[in-house]
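Colleague: Sequence:
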Amino acid sequence: MAKTLPQPPAGCCFHCLQPLPKDGGYQVTVAEQSQNVCCFGCQAVAQTIEQQGLVHFYQYRDTSNPLQVPLLPDELQQLEAYDQRELQEQFTQIDETGQRTTTLSVEGMTCAACAWLIEQQLQRFNGVAVARVNATTERVFVSWDETQVKLSEILQQIAGLGYRALPFQAATQEQDFKRRRRYFVRRIGIAGLATMQVMMIAVALYFGMVNELDDNLRQFFWWISLLFATPVLLYSAQPFYLSALRSIQAKQLNMDVPVSLALLSAYGASAYATLSNTGEVYFESVSMFTFLLLVGRYLELLAKQKAIATAANLVKLLPASAQREIEPGRYESVAVNQLQVGDVVQVLAGQTLPADGELLSQQTEINESMLTGESIPVLHQQGSQVLAGTLNQTQPIRVRVQATQQSTVMAKIAALQDQALANKPRLAERAERLANQFVKQLLILAAATFLVWSFIEPAEAFWVTLAVLVATCPCALALAAPTAVTGVIHRLNRNGIILRNTEVIETLRDVQTVIVDKTGTLTTGQFKLTESSYPNGQQELADSLAKSLELHSEHPLAAPFKMLDAELAVTQLSDVEVKLGAGVSATWQPIDNAPSIAIRIGAPQFIAAWHPSVLSHSSANVVLATESQVLAYYQVEDELRDDALNTLDALRQQGLEIVMLTGDRQANAQRVADQLNITAFLAECLPADKLAYVEQQQKHGAVMMIGDGINDGPVLAQADVSMTFGQAADLARQAADVVAMRNDFSAVLQLFSSTAQSRRILRQNVTWALVYNLGIIPIAVVGWVTPYIAAIGMSISSLLVLANSLRLYRPPKDTR
913 MAKTLPQPPA GCCFHCLQPL PKDGGYQVTV AEQSQNVCCF GCQAVAQTIE
963 QQGLVHFYQY RDTSNPLQVP LLPDELQQLE AYDQRELQEQ FTQIDETGQR
1013 TTTLSVEGMT CAACAWLIEQ QLQRFNGVAV ARVNATTERV FVSWDETQVK
1063 LSEILQQIAG LGYRALPFQA ATQEQDFKRR RRYFVRRIGI AGLATMQVMM
1113 IAVALYFGMV NELDDNLRQF FWWISLLFAT PVLLYSAQPF YLSALRSIQA
1163 KQLNMDVPVS LALLSAYGAS AYATLSNTGE VYFESVSMFT FLLLVGRYLE
1213 LLAKQKAIAT AANLVKLLPA SAQREIEPGR YESVAVNQLQ VGDVVQVLAG
1263 QTLPADGELL SQQTEINESM LTGESIPVLH QQGSQVLAGT LNQTQPIRVR
1313 VQATQQSTVM AKIAALQDQA LANKPRLAER AERLANQFVK QLLILAAATF
1363 LVWSFIEPAE AFWVTLAVLV ATCPCALALA APTAVTGVIH RLNRNGIILR
1413 NTEVIETLRD VQTVIVDKTG TLTTGQFKLT ESSYPNGQQE LADSLAKSLE
1463 LHSEHPLAAP FKMLDAELAV TQLSDVEVKL GAGVSATWQP IDNAPSIAIR
1513 IGAPQFIAAW HPSVLSHSSA NVVLATESQV LAYYQVEDEL RDDALNTLDA
1563 LRQQGLEIVM LTGDRQANAQ RVADQLNITA FLAECLPADK LAYVEQQQKH
1613 GAVMMIGDGI NDGPVLAQAD VSMTFGQAAD LARQAADVVA MRNDFSAVLQ
1663 LFSSTAQSRR ILRQNVTWAL VYNLGIIPIA VVGWVTPYIA AIGMSISSLL
1713 VLANSLRLYR PPKDTR
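Going by our numbering, the letters in the sequence shown line up with residues 913 to 1728, in that order.
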């Protein structure tokens, strides 16, 4: 029956209570009643209130004073607050395509079907570019076009499905977890106490201990069982009913539908038997089934919390306030979210850095273990970049802010983790689809079982059907994939390895060739000038020009030039252009008003266009020249990584082919290849050469590329699997599938070993779930399984899958 809503004064708008226009305005239907509103805006808001189930806003508002009546319910006002730009800066980011992205926490998800429903609804919503839902972490990664849709509208879409979604806030995650844990513990406690009491009675009835007593005593035991089972059904089992109702409303059945049918059917039939004093009762099955399911959900909740704690803890590392410099020597305390790029902050020894920035002090040691997993403090010199969330250890420092809040490296790492958790490997997607389809087949099978047994033995038809519903519930199948994927992401995160694309878990199995860049990948990337020569003897001028040119480059070879002690005023440059993989070119204007001069610094091949003779200079790998003369030859070298040889040997033992690609000269490449036992390599490669080589190798099998430079961006994007390091150029980090925050090459082995184990566990989970569900079907259909045995079997099956996935949470063996 429709609710009777208070009507506005005659001639007034139903929504805002202002006078209606002369033509009567617009019409809107609220609670099955047609109402007059004054404008399209009021019509739209009233429709939204109706769609969100907030009709009580109209039912209980006070219309005696139209000027005091709110125009929006509190629930919608709270959602619209998330459209404020200042607030969004705290939990959203802008991706490389210009879309705004964020991660939402969703309450009420219970299985993969819930995730599928939310994902499908959002993907059909105009303006939403990407929507990926992870049922394990109960989070939604969403990307949207701000010109087409507002965040509040996205939140309202999710609310319309019966779920509550809000921007993920790591600071409140622990509180939410404790609240949900209490939610389950209360229900488990009641179900557990009731189950113990009902089972004692059931044991006596089943084993004939009360057969010698009259029927009145037996019925008395039934009534006692009914008394204990009722709160279990009405209170403890609530989560299953709510989830089932949402799935039915959305026309997408989930596993809680057969669970709810089984519970309600068993309780209803047992209650009828108790009232009529005929038949059989299965109150112990209702109580035990509910108890075991709740225990499984509770353990699943604990596993989820363990999996997502690493990412959440990153964000909680940021301090609440910072000391911002007002003038030299004077500081004020401000909230971290008030810091702006360009501000200077002071960080005392033992304090956490509030933002990413440039170190202005001479030096300090910083503990970066929370980002990289490396416990040894890192020495930072003046001018180096320091990161939010890391710990200053040795002395007070001054830092010029370069990135705050969601723009920091730490926030981007957390975002990468959320994206990885939202992505699903192919096998995981297949398992989820199979679980969803299995529910429909199960309901058909249960109906067929009931019909067949109605002819064979009508008295047993209901109980056999109930056992089929309980025993074959695909809980284990639905848990198989999400728990395994979340487990490997947790393990890798704990070791400073971030998966940007979980498809890597499957693709790594097919990799046949591992291609590695040399500079900064096989070597430490800590370059130094080992040799230099100046054909015209103008060392000071050449070094000043080299420094000025290389300040525009992010290539690792440019680093030692930026540290040169050369500050002549002759370095007036214009039209600077960075050539990826080649060098830097510019126009130099000498200070004596002489004509401007074209100048270059870079690889010998880059300079050879002007001076072919530089290719014969065997030791130099960086050359500075004008069109008329060579100004300087430089030899820049770095050291091999300590773990490079052992890591490559281990990869070769796995049957992988190792190929090195480098833009360095043949002689330098040969030296590194000899030291690392690499038999296949290409030197003097431009980015296009690397890309062409990878494309050629992909014709013969999957290729993994490991690199860290700007010039590696295209080839990283092309490879089947790509990996880079936390200290790599931004372009490389954006293109790579995997980012190793710890600057260890051995992270490659950890990636291979962890993903291999996760694939084994995922297959074991799916295989076990299928074997159990398919194997129990004939046993349950022929009536060999009672409902309470079915409940035990189904719960044990789910717990085995969960326990198997928890093996991924153990620390991996050290591969270094």
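Honestly, I wouldn't trust all of these hints.
In silico lysine to aspartate or glutamate, DMTMM-like type, Cα no more than 25 angstroms apart, as pairs [unchecked claim]:
no.: 1; residue 1: K1491; residue 2: D1601
no.: 2; residue 1: K1491; residue 2: E1418
no.: 3; residue 1: K1491; residue 2: E1443
no.: 4; residue 1: K1062; residue 2: E1192
no.: 5; residue 1: K1611; residue 2: E1418
no.: 6; residue 1: K1474; residue 2: E1452
Simulated DEER-style distance windows between Cβ atoms [claimed, not checked]:
no.: 7; residue 1: V1115; residue 2: L1568; range: 56 to 64 angstroms
no.: 8; residue 1: Q1275; residue 2: T1442; range: 17 to 25 angstroms
no.: 9; residue 1: V1115; residue 2: Q959; range: 53 to 61 angstroms
no.: 10; residue 1: Q1582; residue 2: A1510; range: 29 to 37 angstroms
no.: 11; residue 1: Q1451; residue 2: S1540; range: 12 to 20 angstroms
no.: 12; residue 1: Q1294; residue 2: E1244; range: 19 to 27 angstroms
no.: 13; residue 1: E1058; residue 2: L1291; range: 20 to 28 angstroms
no.: 14; residue 1: E1244; residue 2: W1522; range: 35 to 43 angstroms
no.: 15; residue 1: R1672; residue 2: D1477; range: 51 to 59 angstroms
no.: 16; residue 1: A1592; residue 2: P1231; range: 44 to 52 angstroms
no.: 17; residue 1: E1277; residue 2: L1552; range: 40 to 48 angstroms
Hints were generated in silico from the structure; no laboratory data involved.
Don't be surprised by glycine CBs; every beta carbon is placed ideally from N, CA and C.
Colleague: Run every hint past the structure and note whether it holds.
Modeller: Quick rundown of the hints versus the structure:
1. K1491 <-> D1601: Within the cut-off at roughly 14 angstroms; holds.
2. K1491 <-> E1418: violated, 36 angstroms
3. K1491 <-> E1443: holds, 24 angstroms
4. K1062 <-> E1192: violated, 56 angstroms
5. K1611 <-> E1418: Cα-Cα ~19 angstroms, so holds.
6. K1474 <-> E1452: Roughly 14 angstroms between the alpha carbons, so the hint for K1474 and E1452 holds.
7. V1115 <-> L1568: 56 to 64 angstroms: holds, 59 angstroms
8. Q1275 <-> T1442: 17 to 25 angstroms: With Cβ atoms ~24 angstroms apart, the hint holds.
9. V1115 <-> Q959: 53 to 61 angstroms: Since the Cβ atoms of V1115 and Q959 sit about 57 angstroms apart, the hinted range of 53 to 61 angstroms holds.
10. Q1582 <-> A1510: 29 to 37 angstroms: Holds, at about 33 angstroms.
11. Q1451 <-> S1540: 12 to 20 angstroms: holds, 18 angstroms
12. Q1294 <-> E1244: 19 to 27 angstroms: Roughly 24 angstroms apart at Cβ, these two residues keep to the hinted range, so it holds.
13. E1058 <-> L1291: 20 to 28 angstroms: Since the Cβ atoms of E1058 and L1291 sit about 42 angstroms apart, the hinted range of 20 to 28 angstroms is violated.
14. E1244 <-> W1522: 35 to 43 angstroms: Once the Cβ atoms are compared, 55 angstroms apart, the range 35 to 43 angstroms for W1522 and E1244 is violated.
15. R1672 <-> D1477: 51 to 59 angstroms: 56 angstroms Cβ-Cβ, so the 51 to 59 angstroms window holds.
16. A1592 <-> P1231: 44 to 52 angstroms: holds, 50 angstroms
17. E1277 <-> L1552: 40 to 48 angstroms: Hint violated: Cβ distance 25 angstroms, outside 40 to 48 angstroms.
This entry does not satisfy hints 2, 4, 13, 14 and 17, going by the numbered hints stated previously.
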